[in-house]
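Colleague: Residue-level listing of the chains:
2 protein chains.
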Amino acid sequence: MSDHKHRPAIVNRLARIEGHVRAIKEMAQQDRDCGELLIQIAAVRKALDNAGKLILRDHLEGCLVNAIRSGDEEKVLEDLQDALDKFIR
Amino acid sequence: MSDHKHRPAIVNRLARIEGHVRAIKEMAQQDRDCGELLIQIAAVRKALDNAGKLILRDHLEGCLVNAIRSGDEEKVLEDLQDALDKFIR
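Listed in order, the protein sequences are those of chains A and B. My numbering puts the first residue of the first sequence at 1, with every later residue one more than the last. My numbering puts the first residue of the second sequence at 1, with every later residue one more than the last.
Source of the hints: derived by calculation from the structure; they are not laboratory data. Warning: the hint list may mix true and false statements.
It does not matter which identical chain is used: a pair holds within one copy or between any two.
[Claimed, not checked] Calculated cross-link-like contacts (lysine-lysine; reagent style BS3-like; alpha-carbon spacing at most 25 Å):
1. Lys-86 / Lys-46
2. Lys-5 / Lys-75
3. Lys-53 / Lys-86
4. Lys-75 / Lys-53
5. Lys-86 / Lys-75
6. Lys-5 / Lys-46
Looking at chain A on its own, in the form it has when it is part of the complex:
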């Protein structure tokens, strides 16, 4: 747990993103304009990117530093590479 000092902030951001997606869903149900929906979807995407960056920061500051200190970095670096491949376009 000590590896992840930004986790409370990340949980918070994800909770806000969840609420934002729910609000867009309700806008769609209320037959709101396509343009309005697209703008909100772009905003959620940006919020997701920022949440992802914060997770990455946690990972670099916490998991990775600890793993390298304990000489246990191989698996952590491999997992990180895999996650980056999927996260970064």
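Guided by the hints, dock chain B onto chain A, whose structure is given.
Modeller: This is chain B only, laid out in the frame that chain A set:
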């Protein structure tokens, strides 16, 4: 309403995305690996892009066609341009 024949599918997709974000939030609360979270965030982002594309399709097939037929396209095209500027990176 007849302008938006894909709306039920869009609402469905947004409901699934909402559930997916909630699941990632719970993973973060359970202190799951950073890499796992990043992979799930990338998956949500992709689902959002696809929902956005479906909204755009609705817009082109519905709103825009109807607006042009009724000679009322100026405002619709302007709004669409604004939405595309925000949606497409």
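Colleague: Indicate, hint by hint, whether the structure satisfies it.
Modeller: Going through the hints against the structure:
1. Lys-86 / Lys-46: both (16 Å within a copy, 11 Å between copies)
2. Lys-5 / Lys-75: within (21 Å within a copy, 48 Å between copies)
3. Lys-53 / Lys-86: both (13 Å within a copy, 20 Å between copies)
4. Lys-75 / Lys-53: within (21 Å within a copy, 37 Å between copies)
5. Lys-86 / Lys-75: For Lys-86 and Lys-75, only the intra-copy Cα distance (17 Å) is at most 25 Å; the inter-copy one is 38 Å.
6. Lys-5 / Lys-46: within (22 Å within a copy, 27 Å between copies)
The earlier numbered hints are all upheld by this structure, with none contradicted.
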